[in-house]
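Asks: Letter by letter, the chains look like this.
2 protein chains.
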Amino acid sequence: MTDSTSQERFLQIGEAAERARLTQRTLRYYEEKGLLAPPTRMEGGFRLYSPQDMERIERIRQLKELLGFSLAEIKEMLDAEDVRLQIRAGWRADADAAEKVEKLRRAREVTLHQIQLIDQKMARMASLRDELAERIRKYDEWLLKHTEAAGGSDATQGEGRATVGS
Amino acid sequence: MTDSTSQERFLQIGEAAERARLTQRTLRYYEEKGLLAPPTRMEGGFRLYSPQDMERIERIRQLKELLGFSLAEIKEMLDAEDVRLQIRAGWRADADAAEKVEKLRRAREVTLHQIQLIDQKMARMASLRDELAERIRKYDEWLLKHTEAAGGSDATQGEGRATVGS
DNA sequence: TAGCACATTGACGCGAACGTCAACGTTCAG
DNA sequence: CTGAACGTTGACGTTCGCGTCAATGTGCTA
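As you go down the protein sequences, you meet chains A and B in turn. Each residue of the first sequence is one higher than the last, beginning at 9 in the numbering used here. Each residue of the second sequence is one higher than the last, beginning at 9 in the numbering used here.
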């Protein structure tokens, strides 16, 4: 098995973009903006994205679409986070000590801050959700009143009983 | 007391913008784009925002900042949702019946869809959160190793034991 | 009645985040 | 070795969501 399904190979920009659900332009743009490190190239100059690159691309999408950060903000985050990779690499060849510990602390703080932001957002989203769910209940109430009053044929599209939940 | 504290009065664009944490330009822009119905005016032409207007403005902010929708998307949502207000108003003067029930169904669907989007987002955010929390644990692990190894003085800023949770 | 803060419309400007050519080089199957 | 598919670097264009004048009108105070 030479791994035909998905992971663990280097991808050219076309397939990379496709898998990431982004455009080639976007990938190049991210690179241009320093969000993505310049990927390795083939001899002819074609970009080759490693699985790690793909991971990072995915992270960028998450941070952008899910949390709504600007690319500049995302860059900051990833930059701070990159300590991780520097660790995996030749880190034990520790030139100086305390500085790296400090970097680690920084990275930890950044990540923690992200978590806090997520928690805040989720809380606010939950409360908005409640508001909307309540609204649904009102709609249902009114609809019941009006449909049973007008004793009509109730055969509009089969949307089914979508659960709203707590 | 003629209500000096906050609610229940009409505001000019200056104060309205201030309270909403937006700019006057933004409010006018929203109006221009149809997100806000043209508010009432003073005789001279100055805009006067009602409490309901203020509510709507707040909703727009929520949808934009929290969920990251575009103004166009928000407009759609609010438009569909406006059935609610048409209900509160002279609705019982029902000219025709089925059409309004249909509008209600539409509004319900739109709201339900919003809820589903929120649920999806929250799920993805939760999983991202988990990932980040896991990362924090790794950081702590490494930090422990490196600080106990280098037998250092551990008195860097009092960040405290920030809980990461499950 | 003057003066100043506040508002109005119109128009142009701007940064972010890409889209879209154009002109050209690379890869690889046949 | 040729052709189609794929990629490369500019460079200019576009949309969104406002910012920022400028010229002018309004509201209220003194």
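Hints were generated in silico from the structure; no laboratory data involved. Be aware that a few hints might be false.
Identical copies carry no separate label here, and so any pair may be met within one copy or between two of them.
Listed next, the in silico EDC-like pairs over lysine to aspartate or glutamate satisfying Cα-Cα at most 20 Å (straight line) [as the list claims (entries may be wrong)]:
hint : residue 1 : residue 2
1    : K41       : E63
2    : K153      : E81
3    : K108      : E63
4    : K129      : E73
5    : K129      : E156
6    : K41       : E66
7    : K108      : E84
8    : K129      : E39
9    : K129      : E139
10   : K72       : E89
11   : K153      : E117
12   : K72       : E40
13   : K83       : E40
14   : K146      : E26
15   : K72       : D127
16   : K83       : D148
Asks: Please go over all the hints and tell whether each is borne out by the structure.
Replies: Hints, one by one, checked against the model:
1. Taking CA atoms no more than 20 Å apart as the test, K41 paired with E63 passes inside one copy only; the shortest distance there is 18 Å, against 38 Å between copies.
2. Within a single copy, K153 and E81 get their C-alpha atoms no closer than 50 Å, and across copies no closer than 30 Å, so neither meets the 20 Å cut-off.
3. Within a single copy, K108 and E63 get their C-alpha atoms no closer than 24 Å, and across copies no closer than 49 Å, so neither meets the 20 Å cut-off.
4. Both within a single protomer and between protomers do K129 and E73 lie at most 20 Å apart by alpha-carbon distance, with minima of 13 Å and 9 Å respectively.
5. For the identical chains of this complex, K129 and E156 are neighbours neither inside a copy (40 Å) nor across copies (36 Å), given an alpha-carbon limit of 20 Å.
6. Taking identical chains as interchangeable, the C-alpha atoms of K41 and E66 lie at most 20 Å apart only when both belong to the same chain, with a minimum of 16 Å there against 33 Å between chains.
7. In this assembly of identical chains, the alpha carbons of K108 and E84 lie at most 20 Å apart only when taken from the same copy (18 Å versus 50 Å across copies).
8. With identical chains, the CA atoms of K129 and E39 are never at most 20 Å apart, being 29 Å at best within one copy and 27 Å at best between copies.
9. For a Cα distance limit of 20 Å, the shortest separation of K129 from E139 qualifies both inside one copy, at 15 Å, and across copies, at 16 Å.
10. For the homomeric pair K72 and E89, the shortest alpha-carbon distance inside one copy (16 Å) is at most 20 Å, but the shortest distance between copies (27 Å) is not.
11. Only between protomers do K153 and E117 lie at most 20 Å apart by alpha-carbon distance; the minimum there is 18 Å, versus 54 Å within a single protomer.
12. Only within a single protomer do K72 and E40 lie at most 20 Å apart by alpha-carbon distance; the minimum there is 17 Å, versus 28 Å between protomers.
13. In the homo-oligomer, the alpha carbons of K83 and E40 lie at most 20 Å apart inside one protomer (12 Å), although the nearest pairing across protomers, at 34 Å, exceeds that limit.
14. In this homomeric assembly, K146 and E26 never come within 20 Å of each other (Cα to Cα): the closest approach is 43 Å inside a single copy and 32 Å across copies.
15. In this homomeric assembly, K72 and D127 come within 20 Å of each other (Cα to Cα) both inside a single copy, at 16 Å, and across copies, at 18 Å.
16. Neither within a single protomer nor between protomers do K83 and D148 lie at most 20 Å apart by alpha-carbon distance, with minima of 45 Å and 23 Å respectively.
The structure fails hints 2, 3, 5, 8, 14, 16 (numbered hints given earlier, in ascending order).
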